Amino acid sequence: MGRPPVSEREAADDRERMLRVREGDLARLGELYDRHSKRLYNYFLRLVRDRAAAEDLVQEVFVRMLKYRHTFRDDAELAPWMWTLARHAATDAWRGRPREVAADEATPEPAAAEPHPLARLEREQEIERLSAALGRIPPEKRELLLLARFSELPYAEIGELLGVTVGAVKVRVHRALQDLRSAYQVECAGGAS
Numbered sequence: 000m001g002r003p004p005v006s007e008r009e010a011a012d013d014r015e016r017m018l019r020v021r022e023g024d025l026a027r028l029g030e031l032y033d034r035h036s037k038r039l040y041n042y043f044l045r046l047v048r049d050r051a052a053a054e055d056l057v058q059e060v061f062v063r064m065l066k067y068r069h070t071f072r073d074d075a076e077l078a079p080w081m082w083t084l085a086r087h088a089a090t091d092a093w094r095g096r097p098r099e100v101a102a103d104e105a106t107p108e109p110a111a112a113e114p115h116p117l118a119r120l121e122r123e124q125e126i127e128r129l130s131a132a133l134g135r136i137p138p139e140k141r142e143l144l145l146l147a148r149f150s151e152l153p154y155a156e157i158g159e160l161l162g163v164t165v166g167a168v169k170v171r172v173h174r175a176l177q178d179l180r181s182a183y184q185v186e187c188a189g190g191a192s
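For the sequence shown, numbering that gives the first Met the number 0 begins at 0 and goes up steadily by one.
Because the hints were derived from the structure by calculation, they are not lab data.
As the structure is a computational prediction, the values presented were derived from the model and not from experiment.
Straight-line alpha carbon distances no greater than 25 Å define the calculated BS3-like cross-link-like pairs of lysine-lysine that follow:
{"no.": "1", "residue 1": "K140", "residue 2": "K169"}
{"no.": "2", "residue 1": "K140", "residue 2": "K37"}
{"no.": "3", "residue 1": "K37", "residue 2": "K66"}
Using the sequences plus the hints, can you model the full thing?
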């Protein structure tokens with residue numbers, strides 16, 4: 000669903016690049032952008048359901064990485080720090096947005112690999128209903144599901160981002176999945192709330 004988890008070597012390389020950015024080697028930020036912008040874009044696209052907004056949010060994350068580079072600690076991992084900045088950028092963007100986000104028909108979804116056209120149509124309809132259901136749940140639950148399921152962040156990192164225990168993350172993910180399931184059932188019943 001996303002890229003494989005970052006290896007220890009990649010995490011160490013990212014930390015070293017960010018430490019160099021912190022010390023003024025701003026070219027290293029471009030390397031970090033190349034490594035992480037697509038993952039951030041996909042996260043934001045599914046979160047805000049708007050291509051332009053997702054692109055803007057990715058840019059905002061890297062602007063914040065530059066602006067707040069002095070806060071990156073020597074012993075820190077890049078991923079939790081970067082995702083914290085991403086969450087803050089998304090929260091700032093959510094202010095004033097409607098709680099229910101309309102499905103963006105241009106939002107790319109994973110390509111269906113079914114051999115039969117009818118199966119492909121059913122899969123597309125299922126994706127549309129799931130996408131609409133995701134738009135119906137509160138933004139904080141949508142974000143949690145995207146972090147846990149799409150971005151594939153470990154619960155420990157999500158807990159660090161949210162300032163809660165791994166157990167609390169598991170409970171919140173479970174509750175968010177229940178809300179998504181209920182919203183999906185509403186979509187399957189015709190979209191009436």
